[in-house]
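Kindly produce the complete structure, drawing on both the sequences and the hints.
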Amino acid sequence: MQRGWSRIFALGSVCSLMLLLFAACGPQAGGNTGSPSGSGSKIIKIGSDFPVSGLDTANGKPAQNGVQLAIKQANDKKMLGDYTLQFVPKDDVGPNGSYSPDVGKKNVTDLIGDALIAGIVGPFNSSVAEAEMPVTNQAPITLIAPSTTNQCLTRSGPEIGCTGADDKVSRLRPTGKVTFFRVAATDDLQGLAMAKFLMGKGYKKAYVIDDTSTYGKGLADVFAREWTKAGGQLVGNRESKQPSNDYGSTVANIKQANPDVIFFGGTDSKGGTQLRRQVLNDPATRNIPFAGGDGLQNYAFASTIGAKGGPTFASQAKVNETVLPSAKQFIEDYNKEFGEAEYGSYSAAAYDCAMIVIQAIKRALDGGAVTPKDSNDTDGAKKFRQAVIDAMTKTNYDGVTGHHSFDQNGDTSNKVISIWQIKESGGKGKYEFVDQLDASKAS
Numbered sequence: 069m070q071r072g073w074s075r076i077f078a079l080g081s082v083c084s085l086m087l088l089l090f091a092a093c094g095p096q097a098g099g100n101t102g103s104p105s106g107s108g109s110k111i112i113k114i115g116s117d118f119p120v121s122g123l124d125t126a127n128g129k130p131a132q133n134g135v136q137l138a139i140k141q142a143n144d145k146k147m148l149g150d151y152t153l154q155f156v157p158k159d160d161v162g163p164n165g166s167y168s169p170d171v172g173k174k175n176v177t178d179l180i181g182d183a184l185i186a187g188i189v190g191p192f193n194s195s196v197a198e199a200e201m202p203v204t205n206q207a208p209i210t211l212i213a214p215s216t217t218n219q220c221l222t223r224s225g226p227e228i229g230c231t232g233a234d235d236k237v238s239r240l241r242p243t244g245k246v247t248f249f250r251v252a253a254t255d256d257l258q259g260l261a262m263a264k265f266l267m268g269k270g271y272k273k274a275y276v277i278d279d280t281s282t283y284g285k286g287l288a289d290v291f292a293r294e295w296t297k298a299g300g301q302l303v304g305n306r307e308s309k310q311p312s313n314d315y316g317s318t319v320a321n322i323k324q325a326n327p328d329v330i331f332f333g334g335t336d337s338k339g340g341t342q343l344r345r346q347v348l349n350d351p352a353t354r355n356i357p358f359a360g361g362d363g364l365q366n367y368a369f370a371s372t373i374g375a376k377g378g379p380t381f382a383s384q385a386k387v388n389e390t391v392l393p394s395a396k397q398f399i400e401d402y403n404k405e406f407g408e409a410e411y412g413s414y415s416a417a418a419y420d421c422a423m424i425v426i427q428a429i430k431r432a433l434d435g436g437a438v439t440p441k442d443s444n445d446t447d448g449a450k451k452f453r454q455a456v457i458d459a460m461t462k463t464n465y466d467g468v469t470g471h472h473s474f475d476q477n478g479d480t481s482n483k484v485i486s487i488w489q490i491k492e493s494g495g496k497g498k499y500e501f502v503d504q505l506d507a508s509k510a511s
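Per this note's numbering, the very first residue in the sequence shown carries number 69; after that it's consecutive.
Bear in mind the hints are in silico, worked out from the structure with no lab data behind them.
Careful: at least some of the hints might be erroneous.
Unchecked claim - Below 35 Å or equal to it, Euclidean Cα-Cα: the simulated DSBU-like pairs (lysine-lysine) are:
id : residue 1 : residue 2
1  : 174       : 245
2  : 404       : 245
3  : 451       : 462
4  : 245       : 269
5  : 496       : 129
6  : 129       : 450
7  : 404       : 174
8  : 269       : 309
9  : 491       : 272
10 : 496       : 245
11 : 146       : 323
12 : 491       : 245
13 : 110       : 146
14 : 174       : 264
15 : 462       : 110
16 : 404       : 158
17 : 272       : 509
18 : 236       : 462
19 : 146       : 451
20 : 491       : 145
21 : 146       : 129
22 : 245       : 140
23 : 323       : 297
24 : 441       : 146
25 : 404       : 140
Unchecked claim - Label pairs and their in silico Cβ distance ranges:
id : residue 1 : residue 2 : range
26 : 178       : 243       : 15 to 25 Å
27 : 502       : 273       : 18 to 28 Å
28 : 150       : 298       : 53 to 63 Å
These numbers come from a predicted model, not from an experiment.
Even glycine gets a Cβ: it sits at the ideal position worked out from N, Cα and C.
Right, here's the structure in full:
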């Protein structure tokens, strides 16, 4: 796997002469990187914010693991020379046992308060990102997400459904400058890909429901728009329903509408699991195919729901890295460190996010940026964090999930969407790869 590390300074015979003038020479062949000795802290911290407990453990913990592994490997290989990376993870699960935008906002505020935090990986969910982005943008500090897919976080316009209340960029980016980046493709592409896939299965009538979240409603809106554009029919009410323990009325509506497929925009913890259970429990609806986005694509949902009844499909807003040669070593390392059962939908993407931040830190140091003196050095933090942000915009990274660079909005150049289906495996449900397409080339 290529990590794209570049040598910025070259050593020559003049280095010995320079030692007479400076306390330290530039980066050595062994990988030494950074500011002159003693001018700043040799500890550099990277934070994360994911839902790693409660109902969202199956999503957040594997992503956090990916960041942790990247930092461990960077330290083991001395990627930053004599600097040591420290990992500061946060959990954004709230009192209700699921991800919380309010908790996420508090988490990044706390991380920003530590001057040694150079960047933050996360969050997992788009509604949490919506709460965090104005805070990190004004700090400013790098926030890079492996899985937040709502297109309106970074772009505006009627062609992608980001108008009115969904025209959010000026609010989320109050400084007017980009500090938020992501390696996941966006929901305008994810919804398009799933609509094309399901249409290709011969389905014509779709019943669409969402969980009212930023992610869920946005994805469902895109799917509905692309479905009708492709000649499909929307049947029944277009439901936007708060997560519930009882979807009886929804199941009744589905029976009356008699769709070829049900599309749910949302996450497993915000109604997806309960809705799918009730659809399967009713003889009149159990054989109707069920589809959703990456909010349903995790091992907890698959093992809970199983493969009975109509087929269950879910997309991921990224490539299926398990078939890529670049991912082989990462998957082996991850499984050795955490166990195969802990591998998640966005473990690899979170690893790549962390490595991209580490790469940006390295470029900042090699360019002469000075680390803060300690956790209270707010002035030093502002300068160093800005240097990291500047380096992030120049990302040209080949990693586990493929190639990533960022456009003027902080969105990745990698637009691949993968499709998965729950199949029977050892008496439980397990997602198996079905197909993928480069959504940026879809027409």
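Structure-based check of all given hints:
1. 174 - 245: holds (22 Å)
2. 404 - 245: Not OK: residue 404 and residue 245 at ~40 Å, beyond 35 Å, violated.
3. 451 - 462: Holds, because 17 Å separates the two Cα atoms, which is no more than 35 Å.
4. 245 - 269: Roughly 43 Å between the alpha carbons, so the hint for residue 245 and residue 269 is violated.
5. 496 - 129: Holds, at about 21 Å.
6. 129 - 450: It holds: about 30 Å lies between the C-alpha atoms, which stays within 35 Å.
7. 404 - 174: Roughly 33 Å separates the two Cα atoms, so the pair holds.
8. 269 - 309: holds (27 Å)
9. 491 - 272: Holds - the C-alpha atoms of residue 272 and residue 491 are around 23 Å apart, at most 35 Å.
10. 496 - 245: Distance of about 47 Å is beyond 35 Å: violated.
11. 146 - 323: violated (60 Å)
12. 491 - 245: violated (45 Å)
13. 110 - 146: holds (12 Å)
14. 174 - 264: Not OK: residue 174 and residue 264 at ~39 Å, beyond 35 Å, violated.
15. 462 - 110: Between residue 462 and residue 110 the Cα gap is close to 24 Å, so the pair holds against 35 Å.
16. 404 - 158: holds (23 Å)
17. 272 - 509: holds (23 Å)
18. 236 - 462: The hint holds at about 25 Å.
19. 146 - 451: holds (24 Å)
20. 491 - 145: Cα-Cα ~39 Å, so violated.
21. 146 - 129: Holds - the C-alpha atoms of residue 129 and residue 146 are around 26 Å apart, at most 35 Å.
22. 245 - 140: holds (31 Å)
23. 323 - 297: Satisfied, since the Cα-Cα distance of roughly 25 Å is no more than 35 Å.
24. 441 - 146: holds (21 Å)
25. 404 - 140: holds (13 Å)
26. 178 - 243: 15 to 25 Å: 21 Å Cβ-Cβ, so the 15 to 25 Å window holds.
27. 502 - 273: 18 to 28 Å: Since the Cβ atoms of residue 502 and residue 273 sit about 21 Å apart, the hinted range of 18 to 28 Å holds.
28. 150 - 298: 53 to 63 Å: holds (56 Å)
Hint compliance for this structure: hints 2, 4, 10, 11, 12, 14 and 20 are broken, all remaining hints hold.
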